[in-house]
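Residue-level listing of the chains:
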Amino acid sequence: MVIESPLLAFLIVAFAVAGSMLVGAKLLRVRAKHSSPLKPTTYECGESPAGPAWVRFHARYYVVALFFVVFDIEAAFLFPWALVVREAGTAGLVAVFSFVAVLMVGWLWAVKKGALRWQ
Amino acid sequence: MSAWLHLFTLELAVVAIALLVLLWDAFAPAAGRAVGWTTALLLGGVFAASFFVDGRGTVPHGVFVRDEWVVFHERLFLAAGILGVLGSIDWLATRTPKRQAEYYALLLFSLAGMMLLAGARDWILLVTCFELMSMPLYVLCAYGKQDGPASEPKLAAEAGLKLFITGAASSGLTLFGLALVVGMTGTTHVGGIGANPAPLTIVGMLFVLAGFGFKVGAVPFHMWVPDTYQGAPTPFVAFLSVAPKAAGLATLAIVLLGGWSADSSVWLPVLLVLAGASMVVGNLFALPQTDARRLLGFSGVAQIGYALLALGAMSRGGLAMTLFFVATYVFTNLGVFFVLHAAAEEGGGHSLARIAGLSRRSPWLGGALLVFLLSLAGIPFVAGFWAKLFVFMEAWNAGLVGLVVLGVALAVIGLYYYLTVARSTYMADGDRTTPVPTGFALRAAILVCLIFVVGLGLWPRPLVEAADRAAAGIVSGR
Amino acid sequence: MTVPSSHLLILAAILFSIGVAGFFLRRNVIVVLMCIELMLNAANLSFLAASRMHSLDTPGGRIDLQGPIFAIFVIVVAAVEAAVGLALVIALYRRKQTVSLDDVVDLKD
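Which chain is which? The protein sequence lines are A, B and C, in order.
Mapping to the working numbering: the first sequence position 83 is 83, numbers consecutive.
Take any residue in the second sequence, note its place counting from 1, add 1000, and you have its number in the working numbering.
Take any residue in the third sequence, note its place counting from 1, add 2000, and you have its number in the working numbering.
Any given hint could be a false lead.
Claimed, not checked - Derived lysine-lysine pairs resembling BS3-like cross-links, with alpha carbons at most 27 angstroms apart:
1. Lys113(A) with Lys1154(B)
2. Lys2096(C) with Lys1154(B)
3. Lys1154(B) with Lys26(A)
To be clear, the hints were calculated from the coordinates, so they are not data collected in a lab.
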């Protein structure tokens, strides 16, 4: 049988792999007694988990993440410029540096206000 | 490079002031009124400079055009910005003395976005400016999250979140619509919408219009308006209720009358329905309100309806009268909110009972409020009268007879609720008799608004002529 | 064998619909923010798909760069929205100890 559509082939393989894993796990699994107290734990062997999985992160991580995003986006603008830095010339250089300067003023203000103080 | 950089002199100056304020706050924090007054005076300098800087021209590829249209809007936004800063100085210095600089910096960034917006003729620049205008507003809306009377729930964070969620969703709508439009037409120039009148282009443009509808607060996208007006700090609401609305209407004019006028049969019915619905819903929902700011929120929705009506006239005159209407609305609404702020400041709360007997306590404030309310209602001879009259005349000339009749009828209803407010300031007895304490800056801001509202009522001609020259930048001919 | 650009546009439309549906149906503010991000990313995908379509259609290998550039600006909008939105959620949580829109009802008629 020759499968014409690559999409169909992709779907068939995807379902076959996923299905075989589920069926294989069902067939090969070790049947433990349901009365075992270890049964409902996260890991039936090894470490016993400490604390719930839904922990609350401190809001200060938010500020760190925010700083990351700011400079991440800055990079998104710098890379296209870096590719054409010769063609863009002085005008591009001035534009990019004023862009970075505005960001730097904001960053400086935030640091002076204690945004990165880890207290 | 510098062949066109001078076109952005005023905008760059505003950004420079914002950076200056931030650096000042970073290295030498000042808790008094100095930051606010410096910002206001520097902005005043920029406003004055707008009469001497002669930067008319076009950036390469027609991305940005600076003409009379832009000059008019720059001055309008700068005036709103100066008044917005003036009205906030006293409040900030007493309530949040340590966090003033961020308020001014954010307001200035928003202002720079608005000023650039008027000249943008490219979707990328237009959208970026629109977001530059909107984002600081979301933050400012929640600025006073600790502020307010002890007896009432603190509402600023909720108001900010509501404005943000509607605003962000409308950005998503606009951007997805733009993706379709730019994809179908193959150009990011606003004038290129008509290049490929495929169904997908039109669907995309309707998405874009819905997104802008959210921002100007036209029905059915108006839900956030009363909530935000009620919850956000009042001096900021004064600014929020005028400048972004003016910017949103300018964008609509650029997009519809400037870029897409060829297919007006597609969007004109939509625009007229929005205008009619805004007038009806705004006026009728304002009637039962007991919170002064909610009432003004719905009244703002109604006023947007009138402005859209003039836009729907699709003529240079109609656009000019939209501008005139918006300009008078800027001064009137700023004034109303400043007076409400003054009346509420000492005890908090903005229920209509709060301003009962205001004119006996402070005759000046009561008189100013009366003038502003008369202007909103459209009574001769204050600025709002000419604005409504001209809008209705232009719409009538364009053949929108039904909507004009509807608008006039609803204006009579508007008269009722505006005068109810005015009546309670004069007739009713309040629970206090001492004069309302107001700071010098707030008094100055109210006085400037009053001068403009009365002055334009007596002598509207210069503004009408300026608006007409400005409108020629978008709609040529008569 | 390449994926036609129209498929990408359809995928973008589906993503956008999921975002809009989630925006109106979900009550958790964080999930609503994620739905808004989904809408913006759908916009990005259509920008890129349309740009690819124009590039492939144009003989001579001229690449249409408007789409990618617009997409970068959309990414900025999305990032700023995330920053502002999460800050507002934190401010709201400190006041009301909730992130459910059903509990944010102090402002109403």
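Verification of the hints:
At most 27 angstroms may separate the alpha-carbon atoms for a hinted pair to count; lysine 113(A) and lysine 1154(B) meet this at roughly 25 angstroms. Restraint check: the Cα-Cα separation between lysine 2096(C) and lysine 1154(B) comes to about 10 angstroms, which is no more than 27 angstroms; the hinted pair holds. About 55 angstroms separates the Cα atoms of lysine 1154(B) and lysine 26(A), which puts this hinted pair outside 27 angstroms; it is violated.
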